[in-house]
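Chemist: One letter stands for each residue in the lines below.
4 protein chains.
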Amino acid sequence: KDYEQPLAARIIEVEELTKWSFYRAIVAEFVATFLFLYITVLTVIGYKSQTDATRNSDQCGGVGILGVAWAFGGMIFVLVYNTAGISGGHLNPAVTFALFLGRKVTLPRALMYILAQCSGATCGCGMVKAFQRAYYIGYGGGANELSQGYGRGTGLGAEIIGTFILVYTVLSTTDPKRNARDSHVPVISCFGMPKVLAPLPIGFAVFMVHLATIPITGTGINPARSLGAAVMYNKKKSWDDHWIFWVGPMVGAAGAQFYYEHILQAHLTLYHHHHHITR
Amino acid sequence: KDYEQPLAARIIEVEELTKWSFYRAIVAEFVATFLFLYITVLTVIGYKSQTDATRNSDQCGGVGILGVAWAFGGMIFVLVYNTAGISGGHLNPAVTFALFLGRKVTLPRALMYILAQCSGATCGCGMVKAFQRAYYIGYGGGANELSQGYGRGTGLGAEIIGTFILVYTVLSTTDPKRNARDSHVPVISCFGMPKVLAPLPIGFAVFMVHLATIPITGTGINPARSLGAAVMYNKKKSWDDHWIFWVGPMVGAAGAQFYYEHILQAHLTLYHHHHHITR
Amino acid sequence: KDYEQPLAARIIEVEELTKWSFYRAIVAEFVATFLFLYITVLTVIGYKSQTDATRNSDQCGGVGILGVAWAFGGMIFVLVYNTAGISGGHLNPAVTFALFLGRKVTLPRALMYILAQCSGATCGCGMVKAFQRAYYIGYGGGANELSQGYGRGTGLGAEIIGTFILVYTVLSTTDPKRNARDSHVPVISCFGMPKVLAPLPIGFAVFMVHLATIPITGTGINPARSLGAAVMYNKKKSWDDHWIFWVGPMVGAAGAQFYYEHILQAHLTLYHHHHHITR
Amino acid sequence: KDYEQPLAARIIEVEELTKWSFYRAIVAEFVATFLFLYITVLTVIGYKSQTDATRNSDQCGGVGILGVAWAFGGMIFVLVYNTAGISGGHLNPAVTFALFLGRKVTLPRALMYILAQCSGATCGCGMVKAFQRAYYIGYGGGANELSQGYGRGTGLGAEIIGTFILVYTVLSTTDPKRNARDSHVPVISCFGMPKVLAPLPIGFAVFMVHLATIPITGTGINPARSLGAAVMYNKKKSWDDHWIFWVGPMVGAAGAQFYYEHILQAHLTLYHHHHHITR
Numbered sequence: 201k202d203y204e205q206p207l208a209a210r211i212i213e214v215e216e217l218t219k220w221s222f223y224r225a226i227v228a229e230f231v232a233t234f235l236f237l238y239i240t241v242l243t244v245i246g247y248k249s250q251t252d253a254t255r256n257s258d259q260c261g262g263v264g265i266l267g268v269a270w271a272f273g274g275m276i277f278v279l280v281y282n283t284a285g286i287s288g289g290h291l292n293p294a295v296t297f298a299l300f301l302g303r304k305v306t307l308p309r310a311l312m313y314i315l316a317q318c319s320g321a322t323c324g325c326g327m328v329k330a331f332q333r334a335y336y337i338g339y340g341g342g343a344n345e346l347s348q349g350y351g352r353g354t355g356l357g358a359e360i361i362g363t364f365i366l367v368y369t370v371l372s373t374t375d376p377k378r379n380a381r382d383s384h385v386p387v388i389s390c391f392g393m394p395k396v397l398a399p400l401p402i403g404f405a406v407f408m409v410h411l412a413t414i415p416i417t418g419t420g421i422n423p424a425r426s427l428g429a430a431v432m433y434n435k436k437k438s439w440d441d442h443w444i445f446w447v448g449p450m451v452g453a454a455g456a457q458f459y460y461e462h463i464l465q466a467h468l469t470l471y472h473h474h475h476h477i478t479r
Numbered sequence: 201k202d203y204e205q206p207l208a209a210r211i212i213e214v215e216e217l218t219k220w221s222f223y224r225a226i227v228a229e230f231v232a233t234f235l236f237l238y239i240t241v242l243t244v245i246g247y248k249s250q251t252d253a254t255r256n257s258d259q260c261g262g263v264g265i266l267g268v269a270w271a272f273g274g275m276i277f278v279l280v281y282n283t284a285g286i287s288g289g290h291l292n293p294a295v296t297f298a299l300f301l302g303r304k305v306t307l308p309r310a311l312m313y314i315l316a317q318c319s320g321a322t323c324g325c326g327m328v329k330a331f332q333r334a335y336y337i338g339y340g341g342g343a344n345e346l347s348q349g350y351g352r353g354t355g356l357g358a359e360i361i362g363t364f365i366l367v368y369t370v371l372s373t374t375d376p377k378r379n380a381r382d383s384h385v386p387v388i389s390c391f392g393m394p395k396v397l398a399p400l401p402i403g404f405a406v407f408m409v410h411l412a413t414i415p416i417t418g419t420g421i422n423p424a425r426s427l428g429a430a431v432m433y434n435k436k437k438s439w440d441d442h443w444i445f446w447v448g449p450m451v452g453a454a455g456a457q458f459y460y461e462h463i464l465q466a467h468l469t470l471y472h473h474h475h476h477i478t479r
Numbered sequence: 201k202d203y204e205q206p207l208a209a210r211i212i213e214v215e216e217l218t219k220w221s222f223y224r225a226i227v228a229e230f231v232a233t234f235l236f237l238y239i240t241v242l243t244v245i246g247y248k249s250q251t252d253a254t255r256n257s258d259q260c261g262g263v264g265i266l267g268v269a270w271a272f273g274g275m276i277f278v279l280v281y282n283t284a285g286i287s288g289g290h291l292n293p294a295v296t297f298a299l300f301l302g303r304k305v306t307l308p309r310a311l312m313y314i315l316a317q318c319s320g321a322t323c324g325c326g327m328v329k330a331f332q333r334a335y336y337i338g339y340g341g342g343a344n345e346l347s348q349g350y351g352r353g354t355g356l357g358a359e360i361i362g363t364f365i366l367v368y369t370v371l372s373t374t375d376p377k378r379n380a381r382d383s384h385v386p387v388i389s390c391f392g393m394p395k396v397l398a399p400l401p402i403g404f405a406v407f408m409v410h411l412a413t414i415p416i417t418g419t420g421i422n423p424a425r426s427l428g429a430a431v432m433y434n435k436k437k438s439w440d441d442h443w444i445f446w447v448g449p450m451v452g453a454a455g456a457q458f459y460y461e462h463i464l465q466a467h468l469t470l471y472h473h474h475h476h477i478t479r
Numbered sequence: 201k202d203y204e205q206p207l208a209a210r211i212i213e214v215e216e217l218t219k220w221s222f223y224r225a226i227v228a229e230f231v232a233t234f235l236f237l238y239i240t241v242l243t244v245i246g247y248k249s250q251t252d253a254t255r256n257s258d259q260c261g262g263v264g265i266l267g268v269a270w271a272f273g274g275m276i277f278v279l280v281y282n283t284a285g286i287s288g289g290h291l292n293p294a295v296t297f298a299l300f301l302g303r304k305v306t307l308p309r310a311l312m313y314i315l316a317q318c319s320g321a322t323c324g325c326g327m328v329k330a331f332q333r334a335y336y337i338g339y340g341g342g343a344n345e346l347s348q349g350y351g352r353g354t355g356l357g358a359e360i361i362g363t364f365i366l367v368y369t370v371l372s373t374t375d376p377k378r379n380a381r382d383s384h385v386p387v388i389s390c391f392g393m394p395k396v397l398a399p400l401p402i403g404f405a406v407f408m409v410h411l412a413t414i415p416i417t418g419t420g421i422n423p424a425r426s427l428g429a430a431v432m433y434n435k436k437k438s439w440d441d442h443w444i445f446w447v448g449p450m451v452g453a454a455g456a457q458f459y460y461e462h463i464l465q466a467h468l469t470l471y472h473h474h475h476h477i478t479r
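Residue numbers (this note's numbering), protein chains in the order written: chain A, 201 to 479; chain B, 201 to 479; chain C, 201 to 479; chain D, 201 to 479.
Just so you know, these hints were derived from the structure itself, not from any lab. Each hint should be verified, as a subset may be incorrect.
Which copy is meant is left open, because identical chains are indistinguishable; a pair holds if it fits in one copy or across any two.
Calculated pairs, SDA-like style, for lysine to any residue (alpha carbon to alpha carbon, straight line, at most 20 Å) [claimed, not checked]: (1) K219 to Y460; (2) K219 to G302; (3) K248 to I463; (4) K329 to S347; (5) K329 to G357; (6) K329 to W446; (7) K248 to L346; (8) K304 to G351; (9) K435 to C323; (10) K219 to H462; (11) K437 to E215; (12) K248 to R210; (13) K329 to C318; (14) K248 to E215; (15) K435 to A334; (16) K248 to G261; (17) K435 to T306; (18) K435 to L346; (19) K219 to V451; (20) K329 to R303; (21) K436 to R352; (22) K248 to Q348; (23) K329 to G351; (24) K329 to R352; (25) K248 to S347; (26) K248 to Y335; (27) K219 to Y459; (28) K437 to I463; (29) K248 to T306; (30) K248 to M327.
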């Protein structure tokens, strides 16, 4: 075996808890998820207010659903880029859950990240509500709900597959053991370089899933995003469907982790030439 | 001659069939094509349902044809990035055909990839149909057809040139022998680095062709995509035109392969400095 | 300590003033800010004239607010890329202010940059006005103002958080000391390479903030942009709100600089392997 | 002086004419310009036919002017990427003219490139006309003309500044002598790597200029594009304004070349550390 896999993270590592970098990472997750929800929900509310036929004659005046999808995907691109070196750029409990299943993070880190993400998202939505209370409540508060005409099974399925795409992309673009042997579009790493590009496909994956599933559920694929909006909007319909936006993403994340570890990574060996260089 | 070209793949290589990496690549092609059709056809159906004047007063409400074009191009970017190191990221029988003509893949691999792509695409469309049967049938099922007012010759021509652009981009961005000598925008490789960027222009090529030819044929340039949608939609008109979406892409792919190998690559020698570094 | 931080810039460095590269940088900031305002304000005016219901029956005819947001973000991407090697690609007094607070630029350089940015922006708006005087005045001159229904506190808050996102992205993507130790999306540098990608997330950050806050203030987050438009448009309303577009960005920039230096960078040590390579 | 500038190209180099790579580059310029005009003009015609109020009730149905701007910018990104290693990826007589002024290409190469670009563009427009004659003529053939209400001076100015932005970006992103000394967003090269990214800002520059000037002239900034469309459309109005689309781009290109060579490059010295590495 010519490649030494990094040791799997232990469930609990006491030493980790004594380091500033651990707490700094939690702060970075909180701030980034705050900014993520602030920008995206503000975009949703602004779009809905500008195209409201009862207030405005110009129904094409806002950024469109395409603009909303860009807001979600683009913010993930920017914020993963910014926080990658500090916290790994999870920004999503489903991503943290998948990396915990893959033994890439310890249990305390996973729990603290998820706590930071959920409170950051809630504060981000709260900031939008504080800025424009009437609009926030009148235009749905950016909360995830099943759209009329779609059943719970469809909503759950859409969340599962959507999160599968996101987590599959996160794992594929950040794995240090990518094997280029069978590739005609080789993705060989140069001193770890290609990973530098990972935030772009991750952001695009989020953009893509929003294009497809905004009409169905408004697109969750991130339980912190769904929770924060539900807490601040706090309407019955939004809480009734809320379980979908935890069960769906967690099942999708676990599925992507299983697919990645047990199908794609099985029997993986490293490209010799590459190995030689990175030594 | 200062550059040793990789040996052309044999038509059949028995050893290949005994390796897990061969079967893993087939699984990866199936899963990625499934996800590709799932997201893109869901985007098409969602767009059409949101802008249906008979159901909805807001004709600007969906992601627009621009959003549909982004869905096709963006998913190819994400999925080529994700599968490049596993299967080469073909996701398209026309791409596989061109690489087989160029002796980059063996015949069994080409056939198995095409089979995986076609069944993945069919299952992806089937998932959309299962989610929302009424919408799927009512809004055309994402199937490729000649639009009213366009003849078969025009549709075939559009498919040929569109696939030529895609395959020309795939070959140009992944060729290990790119020669920077005449270039004022040099694309010199650093330990194989530039190829890392290949998924972006490939995804953009798909995006561009969709912008131009959605009004004509809905844009195929990928026989697996056209077949999967035709099987699940299963209407006479869609089957009548179906040959266009196999003949066009295959002719375009063969043309791009010929252009690349016999015009652009002819008498190619490598930039000495670069050669020196990559040794 | 295994990493030698570059010395903080002195407040004043006399030698700097004797070098051509200092004056060249000022010219580059002027020209780039000129081009930035020219393209973006022309896009705003063109969009508003094409969708004016009193002149034109096609309300979907322009590039949309999404196109306007792309113009701002895309120009920053292009111009930061072009000027990064000459002036550092600030193009924004708030960015210059943050880098001055962080002791990355001297006081004379900061003042001269801000002067160049403000006069470049004014000339860029003046060029648009010269091209199409009637349209420029009739369609708001690209000036930043509080939209109807939003209070000063909301506008100020939107500018503060928007600029925080931009400056946080600038600092995160260009810091030579990024630490990849805790990262699962590592952003390790290869001879300084990752920074090459910095203009893309910076441009996207600008794009994102515009998606969210165009409905509120038209989006400033750049005092030179707001000043240039206000000077050329020169209406009372635009001057009344003008202080928001200086106070907001400067507070946001200082906040991002504080967050970056005192939270994220604290106790930072470099990844040993990386250190070894870059020596 | 610690950097050896590549020798300026002679006006005529006889040896060049005996090499296959010279003729291959001309073919590549022809094919790429053909594909550029084919996709972009098809997008324009398709957009106009889909939003024609006399034929279609859905005025928001097409890709929008934003989609048209993406078609031009995106195709330049893809095609510069594809041809950079073969011909340098000019695809535009104004770019070729600037590189000739900068002594980067010989006179015969410049003339042959311009000839190839103009004939490729004409054939690309001809292909669109052959596909859909009635639409092509009815919807303006993608030809550049002054829009109603804009004077010749405005159109000429828009072409000059637009081409300045494009050529300034081409020169900035491909110059081997970029100096990172003053930069806080360093763009240091790693074995020539950063240039790999050049096609993206170049494509974005084209996208940006289209967002701003489509309402004025339809955006030329490429005489081959304007000539090809004028030849195939062949209406008096289009020929009357045609000189603007040669004089404007050539003046803008010469201006950008002058700015780059005499202001930005003056007294340039190379970053020592970098120099050491690239030796």
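Chemist: Out of the numbered hints, which ones does the structure contradict?
Modeler: Failing hints, ascending: 2, 3, 6, 8, 11, 12, 14, 17, 19, 20, 28 and 29.
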